[in-house]
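Participant: Sequence:
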Amino acid sequence: MRFGAGVFGGLAAGLTVIGIKLATGAVTLADVLVDRLLFLVPIDLFSLGVRLLEGWAKVVFYLAVLFLLAAAGGLAGLALGPVSPVAGVLGAGVGGWVVLGVVVLPLLGAGLFGAGLTGGPVVVGLGLLATCLAYGLGLSLAWRLVGAAGEAGFDPGRRRLLAGLGAGAVLVAAGGVLLRLLNPAGSQGGGLAVPLTPEEALPPEITPNDQFYIVSKNIVDPTVDLSRWRLEVRGLVDRPLTLTYDEVRRLPAREEIVTFECISNEVGGDLISTARWRGVPLAYLLDQAGLRPGARKVVIRAWDDYSTAIPVEKATHPDTILAYEMNGETVPHKHGFPLRLVAPGLYGMKNPKWVTAIEAVDYDYLGFWEQRGWSDRAVIKTMSEIIVPSRTLAVRNPGPVRLGGVAFGGDRGIVRVELSFDGGQTWRQAELRPAFSPYSWVLWTAEWNPPPGSYRVVVRAVDGSDEVQDPTPRPPLPDGATGYHVITVRVREV
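Under my numbering, read the sequence shown as residues 1 to 494, first letter to last.
No wet-lab data here; the hints were simulated from the structure. These figures come from a predicted structure and were not determined experimentally. Just so you know, even glycine gets a beta-carbon here, dropped at the ideal spot from N, CA and C. Heads up, a few of these hints could be off.
To be verified - Computed list of lysine-lysine pairs in DSSO-like fashion (alpha-carbon distance at most 27 Å, straight line):
id, residue 1, residue 2
1, Lys314, Lys217
2, Lys217, Lys334
3, Lys334, Lys314
Claimed, not checked - Here are the in silico distance ranges between beta carbons for each label pair:
id, residue 1, residue 2, range
4, Arg456, Leu432, 19 to 25 Å
5, Ser227, Leu112, 24 to 30 Å
6, Arg456, Gln371, 35 to 41 Å
7, Gly111, Val60, 25 to 31 Å
8, Leu251, Val486, 44 to 50 Å
9, Ala23, Val60, 18 to 24 Å
10, Thr445, Leu68, 50 to 56 Å
11, Ile43, Arg230, 22 to 28 Å
All chains should be built: construct the whole structure from the sequences, respecting the hints.
Facilitator: Written as structure tokens, this is what we have:
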């Protein structure tokens, strides 16, 4: 019964954590646990899990955190035994808060009461206190229910069964609520708009904001409090800057059309989109702050404690910007409001959302994903994809088969797309639509009149440096996927 009562309290604490996260976006104990546990998972296993679970990965992990809090609560319940409401609040609640804030969080590298996290010790500490009080109240409530069952004449076996059933019911209910609230859609690809055939369509050159792909390290993305938000420019600079959002928007701005691709995008995947971005050049901010000659990298820090770094040469390129507009609108929350870095030619992991600080350093800084085994350079590899038709296709002869897709070469551009209808033995050129910018994908189309038979249709691209796309099949980890996209087409005679 002690364990069951503790599990009940642990579930109450877990639901409180989820409620705080969903309501405020503040950093919680669960975020710290998730962040630290990721270090214990081998990167190959982590990558495999993300690919297998796709949009369910975060929900599954959050349920696992809920389970762990319930188990930890159960173990604590074994040690605490029966508690009254007062003892639950003062002992398990306040006492647990002190232990977690003074001992556990510092051991996890988060500082005293989360002083090293976004929001600081006040916001994190209050959330932690609410979580611990929920555990204490849940624990004491469970024991009151057990006591009431005893007074009603239930034997110990039935009381243990009732306690277990109660905890199980809470866990099932919590899982159901979580699935509804989080709506697992871990990634979104570009939408269909420009008809190519009656059945299929190519994506638009500019991806609408609500169809732009989404990938995030967070279980629930943060909600930025603009009244507290500031952009800091610091580190190896002569004149550190601290700017409000309105001050940033009054600075000189430029507009860039840039395609983003996630480094975890598979060959033929849809984690790629294009937008028109507007913001302040990062080079302007660094110049105003007086960037010192010894700087090697520029670290970009975000509201959700994410960080990465780019070479000084990339940071000072005139086309690298901190964007506050996306396709003519304020950057949506899910895409990084109030500021998102746009560094053309680098994978999405190098373009953080919710930017809060720019820090020039003289050492080889490794950020969140880089420490977990992903590429530090993260330069986009040349890719091409067949979108139309989107799968293995059977067609009837005669009549042309219309094909189409996208190709992308990062900041190198695309000069040629080629198709093979015999598995790569011979190649013919596709027709390219004009690129919207040097940093955007190109759409390609082709028409093909095949005789009856079965065909492996392969696509490849040649980038602006006249380099042919790498044909070697490789998974995304650690540098981005390579290999040709292939579909099968079977043509039958009418």
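Participant: State for each hint whether it applies.
Facilitator: The hints, checked one at a time:
| no. | hint | verdict |
| --- | --- | --- |
| 1 | Lys314 with Lys217 | holds, 24 Å |
| 2 | Lys217 with Lys334 | holds, 12 Å |
| 3 | Lys334 with Lys314 | holds, 25 Å |
| 4 | Arg456 with Leu432: 19 to 25 Å | holds, 23 Å |
| 5 | Ser227 with Leu112: 24 to 30 Å | holds, 25 Å |
| 6 | Arg456 with Gln371: 35 to 41 Å | holds, 40 Å |
| 7 | Gly111 with Val60: 25 to 31 Å | holds, 29 Å |
| 8 | Leu251 with Val486: 44 to 50 Å | holds, 47 Å |
| 9 | Ala23 with Val60: 18 to 24 Å | holds, 22 Å |
| 10 | Thr445 with Leu68: 50 to 56 Å | holds, 51 Å |
| 11 | Ile43 with Arg230: 22 to 28 Å | violated, 34 Å |
The structure does not agree with numbered hint 11 stated previously, though it agrees with all others.
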